[in-house]
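J.: Can you build the whole structure from these sequences, using the hints too?
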Amino acid sequence: MGFGNATYNYLFWEAKSTNSIDISQVKTGFFVKNDEVISFLEEKLTEAGLTSQEQADFITFWAPRLNQNKLNFIHFMFNQTCNRLAELNISPTPDNIYRIYILWSKVDEEFEIDEQKIIRANREGFTVIEWGGQHHTMIQKKYKFIGINMCLI
Amino acid sequence: MKILIILFFATVSFTSTALEYKRLPSCYLLSDSLDTSLPSDSAMYTFEFNGLSEENTQLIYSSGTNTITYNFENEHTLKLILPSGKYKFEFYISGYDEIVTGKLEIQKQHHSTYRVQMEHQVFKGQMKKPVIYLYPKENLEVSVQLNIHGQDPFYYPEYKNSWSFTADPTGQLKFGESTYNYLFWEANMDAPKIDHNYGFMVEGDNTVTFLEEQLNLMGFTSKEQADFITFWGPQLTQNKLNYVNFIFNEACDEFAELSISPQPDNIFRVSMIWQPVNEPWELESPLMEKMNRNGFTVLEWGGMELPAIYDAAEI
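Those protein sequences? They're chains A and B, same order as listed. Using numbering that gives the first Met the number 0, read the first sequence as starting at 0 and increasing by one per residue. Using numbering that gives the first Met the number 0, read the second sequence as starting at 0 and increasing by one per residue.
Derived from the structure by calculation, the hints contain no laboratory data. Every clue listed holds true.
DSS-like mimics (lysine-lysine), calculated; alpha carbons at most 30 Å apart, straight line:
| # | chain 1 | residue 1 | chain 2 | residue 2 |
| --- | --- | --- | --- | --- |
| 1 | B | LYS87 | B | LYS102 |
| 2 | A | LYS15 | B | LYS222 |
| 3 | A | LYS43 | B | LYS222 |
| 4 | B | LYS192 | B | LYS289 |
Just so you have them, the derived chain B footprint on chain A, three or more residues with Cβ under 8 Å:
| # | region |
| --- | --- |
| 5 | 6-13 |
| 6 | 41-52 |
| 7 | 62-76 |
The C-beta atom is built at its ideal place from N, Cα and C for all residues, glycine as well.
T.: Right, here's the structure in full:
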């Protein structure tokens, strides 16, 4: 991407979100132990269709944070559902826009929940990938928006 | 019957003393004796400080109400004559952990001698997100080894005694089927010693402009700058004012030694050390370095946040 003389690999934004999502209300997700964080993210992001470079940006941002907890609950938000946190308008309209946000919270123990199905990116034509995430604290229900990277390819 | 009761009390008091000692290993009683040369309602404490060097000449102490600055004479010893009773002392010597004693009781005309063990203050920091970029002149098989002086390292991609991959001139690193733009590591380690007379005062709102300017001067490309700024920018922007300093090249060996084979023509390493501050103080411009990007070039950047400074007078 060229911005005058400067070239970037992605656009970046970050904000404290006002529109919170209640992670305790989600119906699907995963439980991930700290020593399985990297292999879990590699597996799911590969399923989602992210390249290894995009995966590295995602994993080096989130894995050291998730690694600090013995057990995490993870839920992904995809595409239109991400509009609840931020709407994204691109002109000219891309052929495919794919958005994936990770919501995660430290948990003490597993509870019953269905495993989530991962939606895969369609990368044909002018493709836009946005990834981001939000750290939650399930018990205190505090929401803080931590980061989103966006990637134009 | 009377004897039995006394024994019982003795046991209780012994147990509570033992607990006290467990909690306070940094200050303990060496001796306690009667000294009739003292005024009848007074008592004397002697504190012998251990673990100091000759340049530690100043002690700040308090015994409850007021705080007093005391200059050691020949020995690292403090003598205090006080009315008998119970006192809680606080001792502070610059560069050492502060010591807060439990309540130390002293009887009339007694002389108690305590040993105070001072420990060097070492702040544990997190060396965050060092990333390593490699740009060979042509496609090249490279092996990178890190010797991290720290704990709980995190690596990406997976590190097995080294990283081995093929690098191309655009900076893409091929590990089998996977391609990466950089190598990543992170670890907990001792904070470096920083000379706070040198550095930069950076207002939170001015962070991005400041970093772009400094990283440009160092010779970062805009993509490398973006990786640096999107990582550190949001953290520094949260504070009104930050102290910022940079550590370059060989000095970064303190955090981790980096061995690369084959030997690159130029390696440039930079760590940004920063901390939130309440108010600015006078600073001299630090010596800044610029990278040489000729030939097989390697760039590593990382950084560490230090605890906030609330009072510039401490510096």
